[in-house]
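Novice: Spelled out from the first residue to the last, the chains are:
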Amino acid sequence: MAGPRVHRSRLAACLALALAVLAAPPVAAADPDPADWPGVENAARGQTVYWHAWGGSAPTNDFIAWVAGQVRARNGVDLIQVKLADTADAVGRVLAEKQAGQDSEGGVDLIWINGPNFAAMKSAGLLFGPFAGALPNWQFADADCKPLESDFTVPTEGYESPWAMAQVVFMYDTADIAAPLADMAAIRDWALTHPGRFTYPQPPDFLGTTFLKQVLVDITSDPDVLQHPAEEADYAAVTAPLWAYLDALTPALWRGGRAYPATGPAQIPLIADDEIDLAISFSPGEASTAIADHRLPPSVRTFVLKGGTLGNASFVAIPYNSAAKAGAMVVANFLLSPEAQLRAQDPAVLGYGTVLDLARLDAADRDAFAALDLGVATLSPAELGMVRPEPHPSWMSRIAEDWQHRYGAGR
Amino acid sequence: MDDPNPRPRLAFAPRLTLLVMLGPVAAGLWGTLLPAFGHLPAAGAWGPSLGPLRMLFAWPGLGAAVRLSLTTGLLATLLSLAIVTLLAAGWAGTRPFRLLERALAPFLSVPHAAVAFGLAFLIAPSGWLARLASPWLTGWSKPPDLLILNDPAGLALTAGLVAKEVPFLLLMTLVALGQSDGTRGLRVAQALGHGRVSGWLKAVFPRVYPQIRLPVYVVLAYSMTVVDAALILGPTTPPPLAVQVLTWMDDPDLTRRLTAAAGAVLQTLLVAGALLLWRGAEMAVAALGRRWIEAGGRGRAEPVLRALGLAAAGLCAAAVTAGLAGLAVWSVAGFWGFPDALPQGITAETWMRLGPGLGRAAATTALVALAATGIALLLAVLCLEAEDRTARRMGPRGLWLLYLPLIVPQVAFLPGVQMLLLDLGAHAGPVPVVAVHLVFVLPYVFLSLGGPWRALDPRIGRVAAALGAGRWRVLWAVRLPMLLRPVLTAAAVGLAVSVGQYLPTLLAGGGRVVTLTTEAVALASGGDRRAIGAYGLAQTAAALLPFAVATLLPALLWRNRRTLNG
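Those protein sequence lines, which keep their order, are chains A and B. Sequential numbering from 1175 applies to the first sequence in the working numbering. Sequential numbering from 24 applies to the second sequence in the working numbering.
Just so you know, these hints were derived from the structure itself, not from any lab. If you're wondering where the values come from, they're calculated on a predicted model, not measured in any experiment. Be aware that a few hints might be false.
Claimed, not checked - Looking from chain A toward chain B, a few residues come up when the C-beta cut is under 7 Å (computed): (1) 1229; (2) 1281; (3) 1585.
Stated by the list, open to error - Taking lysine to aspartate or glutamate and the EDC-like style, the derived pairs with C-alpha atoms no more than 16 Å apart in a straight line are: (4) 165/B to 363/B; (5) 1480/A to 1531/A; (6) 165/B to 1323/A; (7) 165/B to 1350/A; (8) 1296/A to 276/B; (9) 1320/A to 1531/A; (10) 1296/A to 1347/A; (11) 165/B to 1347/A; (12) 1480/A to 1318/A; (13) 1296/A to 1316/A.
Unchecked claim - Example chain A residues on the side facing chain B (calculated, C-beta under 10 Å, incomplete): (14) 1219; (15) 1234; (16) 1320; (17) 1439; (18) 1444; (19) 1446; (20) 1467; (21) 1468; (22) 1534.
Glycine included, C-beta positions come from ideal geometry on N, C-alpha and C.
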């Protein structure tokens, strides 16, 4: 709680004054203690949790509705999804609340958050925690082999809890591309011989910048330098191969690189319309799910690069001024349960990778995971191969910025 | 002032109305101006500073984004006005015109986003038109790599805006025509040997335009700052300024909100500049027009102009209809690839999956729209009645105040409004949403109702008063019944405006007030055409119903009073 705060309303100012006299921090006083789990569960009963989550995918919305039914029945928690067009809307709301001096009873209880938003909120002191390590189901989490304790190299330190694994795969239409492409260089060469048949979401879209990072990670000679802030490296030299790659690729892109799909999911209708044959995805099961509900032709399959692809976990975080922190923790804990993870991995539901270490589950749960039919276009965990860690966020923001100048607004 | 028996003058009504409308705008603008000059404590910025403006001017796409905002806005407004004018000039009072008039409501009520989606699917290289002609005519087995949607010049966006604004301006023109005695004017002109089009332009248009001037300004301001349609049809490298402002607002880097605020201020200035430009052009056209009338020509190329007007309006109607049909087909489509003209299978899966959510969202949408429109109608009627009683008409300054919420870009003041609501502690539930919708609904209702109200022959009221009716009785028993059609039209416009609001609903409701529109836009970001189709249709239906009532009810009530039946 360091740093100056502005209280806009007189009431908040009076409260702050009164509390300052009492020398008690206004927020921490009422916060539940994550270590006292029965206490958390008691406090959670009857709470209403507003989960701000991206609402652009009907399967995800359906999954969240199922979670809501489960936590209501088990814990008496009312979970309501606030469907966002962009996660930043929730960040903006918490920010606006902080600006208005509303340090408790805030409107956001749980956020499905991505790395850059997590970094921004954590450094601005907008998050509650640490809590993740205290969740009972954390014991099943595979923190050894999966990047669950750092989000885009920013240590999570318990301020967010994982609930799904994402990894870059490429969706391709087998009617147009005979065999998987081995690396980013092969993708460029294929695109050059098939002009107009490949594109990627426009940065600064999350998946668009992921594509840029995937290129850089795959073609750079020294990937370790990307794990440290860009300021510590020779930025121009490290990124030169990326710009050379894009300079060659861009004229051969869909629409000659003069227009780009807005988001990752916006690529799916482009494949279905046969406008493009190849697209990046951050969800190994996305293609199978889309085939199942008629959004992609049945001929689509996925591949990963020989050198591995980027991967990260999806997290949920709790704002510092949430009105239902205990309820939010109960939801976060349920998301880590074998039952919720199994359902999320089912391609008929979501097709998201699990964050659990199957070896730590009991035999029945393990068998249930093994029995899952992952879907026609989904690679098995073994086929997905090596997960490459995300570069430090400073690379992402500088590369996205430079992309704007070179290929976006400044074109 | 010379009334011997002072009665309630309702002097409070205009003040209350202005407060309800302009309070949030003023507070919101203040909340934007502060960060535009570097003051946003929550992001660690303590102003004043010119840093945000410098950031804005350092953005490489600024020139193109500003140009796009201006060109799409001006071109869309000019084309829409030209089409409506040619149509009314060539066809007012004829059978095809009456048919169009009757078919107007559906076109008016389709939300911008739904029109944009429908159009996008029509004209894309892999769109419905290309599918219908492929491969037998075009030889395409794969869609061609053509930049039709999202073109850098913004032509697709302009087309989408025109298709949506023509019905709005046509409605406003119809309302104005009903009160400006156009038929007789035209007959006189024709008796003097003028052709239909030139006669209408010379004798009727000068009387109609002042009544639709402010709606035209709204179209201009809206077209320059539209976000949802621009996201679908507009260019992206760079996008129009309003879209870029929203992109900055959504940036995880909180200091980008300062740049966004500076951009919002620039966007506001751009709109003001474009309006001045338009006003100048109006005066130039009026001067030229006077010379044209004095020259005494009797009109040339009349059949061509008439055909052009009808064809352009017909094209807009056809595009919107085909777009809606596209949405309908998508909402029941199985897999549907290129170049199939129709989906491989029909399925109810989408509707089944979305059904429960659709019902809840529709109920909320109706609740918010009815509340906002009801309050707006009440305030508008009280204000107009106050005008009559005090015999003081709203001056030009009052009119501009009324227009402020429609002319100030939404991205400029809505984030500030969100702050205000937080300060008041009114941050949950539908009440603040209704309040913010009112800001946008009230001007439209007032605009839609004010013209016909003021154009109503004041002698009718005087006759009623001479027969002994009190002021309230004149209002209830004479004015409102005579103005039933415009009142219902204004209500329908208000409801349609409320149904279509995205940003106000999202920001004032904190995302917790889920309407058909917030759901549709959230789904839109995922590109799922089936869900977009279902929600687009539901949105259209929600806005269409009131127009059906506004059309049918007067026809039913006044079936034996032809002139009231419009």
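Novice: For every hint, state whether the structure bears it out.
Specialist: Hints, verified against the model:
1. This hint holds: residue 1229/A has a C-beta 4 Å from the nearest C-beta of chain B, less than the 7 Å allowed.
2. Checking residue 1281/A against chain B: minimum C-beta separation of about 5 Å stays under 7 Å; hint holds.
3. Below 7 Å, beta-carbon pairs count as interface contacts, and residue 1585/A has one with chain B at about 5 Å; its hint therefore holds.
4. About 11 Å separates the Cα atoms of residue 165/B and residue 363/B, which keeps this hinted pair within 16 Å; it holds.
5. Restraint check for residue 1480/A and residue 1531/A: not satisfied, since their Cα atoms lie roughly 24 Å apart, outside the 16 Å limit.
6. With a C-alpha separation of about 46 Å, the suggested pair residue 165/B and residue 1323/A falls outside the 16 Å cut-off, and the hint is violated.
7. Taken as a hint, the residue 165/B and residue 1350/A pair is honoured in the structure, with Cα atoms around 11 Å apart against an allowance of 16 Å.
8. Pair hint residue 1296/A plus residue 276/B holds up; C-alpha atoms about 12 Å apart against a cutoff of 16 Å.
9. With a C-alpha separation of about 9 Å, the suggested pairing of residue 1320/A with residue 1531/A holds against the 16 Å cut-off.
10. Annotation: proposed proximity of residue 1296/A to residue 1347/A is violated, straight-line Cα distance about 40 Å (limit 16 Å).
11. For a cut-off of 16 Å, the pair hint linking residue 165/B to residue 1347/A stands: about 13 Å separates their Cα positions.
12. Straight-line distance between C-alpha atoms of residue 1480/A and residue 1318/A comes to about 23 Å, which puts the hinted pair past the 16 Å bound.
13. Proximity of residue 1296/A to residue 1316/A is assessed by CA-CA distance (about 23 Å); at most 16 Å being required, the pair is judged violated.
14. A least Cβ separation of about 21 Å between residue 1219/A and chain B goes past the 10 Å threshold, and the interface hint is therefore violated.
15. Taking 10 Å as the C-beta contact cut-off toward chain B, the hint placing residue 1234/A at the interface holds, the least distance being around 9 Å.
16. Interface hint status for residue 1320/A: violated, as the beta-carbon distance to the closest one in chain B is roughly 23 Å, over 10 Å.
17. Given the 10 Å rule on beta carbons, the hint for residue 1439/A holds: about 4 Å separates it from the nearest Cβ of chain B.
18. Of the supplied interface hints, the one on residue 1444/A holds, with its beta-carbon coming within about 8 Å of a beta-carbon of chain B, less than 10 Å.
19. Among the interface hints, the one on residue 1446/A holds; its C-beta lies about 6 Å from the nearest C-beta in chain B, closer than the 10 Å criterion.
20. Because the beta carbon of residue 1467/A sits about 7 Å from the nearest beta carbon in chain B, less than 10 Å, this interface hint is met.
21. Taking 10 Å as the C-beta cut-off, the interface hint given for residue 1468/A holds, the closest approach to chain B being about 4 Å.
22. A distance limit of 10 Å between C-beta atoms decides the matter here; for residue 1534/A the minimum to chain B is near 33 Å, and the interface restraint is violated.
Checked against the numbered hints given earlier, the structure breaks hints 5, 6, 10, 12, 13, 14, 16, 22 and satisfies all the rest.
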